[in-house]
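Okay, so the sequence shown: first residue is 1 according to full-length UniProt numbering, each after it adds one.
It is possible that some hints are incorrect.
Stated by the list, open to error - Below, simulated DSS-like cross-link-like pairs (lysine-lysine); rule was C-alpha separation at most 27 Å, straight line:
no.: 1; residue 1: Lys276; residue 2: Lys332
no.: 2; residue 1: Lys319; residue 2: Lys61
no.: 3; residue 1: Lys641; residue 2: Lys664
no.: 4; residue 1: Lys664; residue 2: Lys653
no.: 5; residue 1: Lys276; residue 2: Lys248
No lab work stands behind these hints, which were simulated from the structure alone.
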Amino acid sequence: MPSAKIRSCRKLNAYNMASPLCAGKKNLMLITATMLILHHSAATTDASGESSQAKDSCQDKCGNVSIPYPFGIGKGCSLEGFEVVCPPDNVPILLLNTSNSSTPLLGINLTLGEARVQNSIAQYCNFTNNTDVFKTSIFVAGPSFTVSGAKNKFTAIGCATVASIFSSPESSLTSACGSFCYRENSIDNGTECFGRGCCQSPIPERLHQFYPSFYTVSNDTGVQSFSPCSYAFIAEEDSFQFHPSYAKSQDFEMNYGYPMVLNWVVGQDSCAEARKKDNGLTYACKSTNSTCIDMPGRGYLCNCSEGYHGNPYLVGGCKDIDECIALPQPCKGGQCSNTIGNYTCTCPRGTHSNDPKSIPCTRTDNGPNTKVIGVSIGLICLVVCTFTVLNACQKRKLAKEKEKFFKQNGGQILYQQILSKKVDTVILFSIDDLKKATDNFDKSRELGIGGNGTVYKGILKKDNRVVAVKRSRFSNVEKAEEFVQEIVILSQINHRNVVRLLGCCLEVEVPILVYEYIPNGTLFQFIHGNHGSRPPVSLEARLKIAQESAEALSYLHLSTNSPIVHGDVKSLNILLDENYMAKVTDFGASRILPKDAVQLMTMVQGTLGYLDPEYLQERKLTEKSDVYSFGVVLLELITRKMAISFEGPEEEKSVASSFLRALKENRVEGMLDSSIMGVGMEELFEEVVKLASMCLSSKGEDRPSMTQVADKLKAIRSTWREVLLLQHQETEHLAEGLAAASSSFGLPPSMHWTAGMMGLDIEAPR
């Protein structure tokens, strides 16, 4: 492996080993109470200076790696699922499962429930002589192991590269990122990954398996000449440092891989269930002085109780810590005496202390009791005054912090806009208001988590209005004025098919936006939900949603003072209200075009499967980029196929590519959703298919405007109104029949479907 890929290590890490692939400085972010307890316990264990041990008569090390029980080398030396093999080269192998029987083990942390393994690198090469090389495999972690989302990142290397991981070859997309550098000198020279030669993205928690894949963006021979290969892998955060030569390498995958952190648990039961099961014989916390900790999802971990250290999985494995031999001495005053699981501090004769563990011993004063009382009162007054001053300082500090963030996020600019009556609909919320509305951003209030942040359901205490609160992850202080200008423009949007911005909170580090609440989920769920438990959605309903979405985008492009390009049009960003009216949302990737400008140079953002190929290649975001993405949504509506799919050959993963190929070969009818096909509707579908193909034109100048798209959909609904009405009524009858059948068979209420649930009233096209 090239030396640039390896950092030197000078001491043992948290896994009690000298790692062959040093991970660098780690920022351990533990966000739950459980993980805080584990971190505290880990610090205590490391400080004790005593390493974890193996089972009696079992090998406790392989090379430089300690193998503590429940892991073990040899028969009877480990719990089931924690077997380790130590080959002659002394590089331990963790036997996760049959398909990954040679996963190198780099270290084990008993307290945190972590194992570091060496992960391989997937490769895809597309050479100028039209030969391809594709090397990848499914990584299966095994029943007791999951890939850590907090401590790992998905990394891809190459130019004109979009790499992704799936939880299996048949599953949906788990994580993806894109890297583009169409000239050799455009590759980033730094060690970080910013999308030019290298990109990174987070992965979800509790991932049991993953399958790296690549998406062909371009067959540009210019890129192939200097960067024919792409690479993808999951690695421990900060263990990888980019070098420009990696993007041009044809054998980068030949190195030994990079460290990856796995989380592990014991069993599949909770602590309470494990204690009762088999009369406690299979309960893993064998040491008397140990505690059991329930882990999220399933299973548990064992830790030594406070004041003890060692291996809680072995009988007698947790030993008492002799705090009195530690340096510095734990007693601030007096003499230290070790006790079982604790220690005491006593002052010498003639001295005293109210708490010798934290307060030094002082000579005893035999003076009058009045002097003692006076000193005590003085101390009490001092404590009260100190507390009052500290409390006031804390409040003042908090107020200054809020004021700093308010100015930093453009609050004064927005306030001036409100005073000048340029804005009269934006509410400036305080962070306290939003904490009350969302129960302090409780996890139970989460509506969804996206690439730009998390959305919570909130109830405003002032008027009990239900709202959607978007808490973003990133902030750009340098663009505060642009952010305020964007809020001003979004606040002026008043269209029935666009989710309305109600206000914002600027007194926190990352601004929070408040939108109207839309109750019926996304168009993606509506189209691709459980098909077997509900009747098909009628063509009239689908065209109605398409027309409303097109009118919203047309409004953004034309009806505001400054045109807005949405930038991330997809079925997940179209919500449905209580009447199943379409509402376009999520302006995280949106851009405001300067007046008289037709395009804007920007970093590539968006969603795989919906991205305009012209935007991908030239990085020029235009209104026609939204038209292309809308064309993909229209295909989803008439084919009921997802925008991107892992199934099938490479050229059929994209529904847009499959559609254009089928159109060219005169076999589009085979792609359409059979549930909306009917006799005498061939000409209607020809019009819809023609509109979709125009939206998906490779050149933006050949695509219609969103206004033309909306007008065309309106004309189609008007021309074919009687046919659409008849099919919609048939769909309603089918829904009523399913509801009656489910009632007669005693199905639960969640399986009952009625025409009313379709929520789509027939109306004249607007």
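Cross-check of the supplied hints:
1. Lys276 <-> Lys332: Given that 27 Å is the threshold and the Cα spacing comes to 44 Å, the pair is violated.
2. Lys319 <-> Lys61: 21 Å, holds
3. Lys641 <-> Lys664: Holds, at roughly 19 Å.
4. Lys664 <-> Lys653: Since the Cα atoms of Lys664 and Lys653 sit roughly 17 Å apart, the hinted pair holds (cutoff 27 Å).
5. Lys276 <-> Lys248: 58 Å, violated
When the structure is compared with the earlier hints, violations turn up for hints 1, 5 and for no others.
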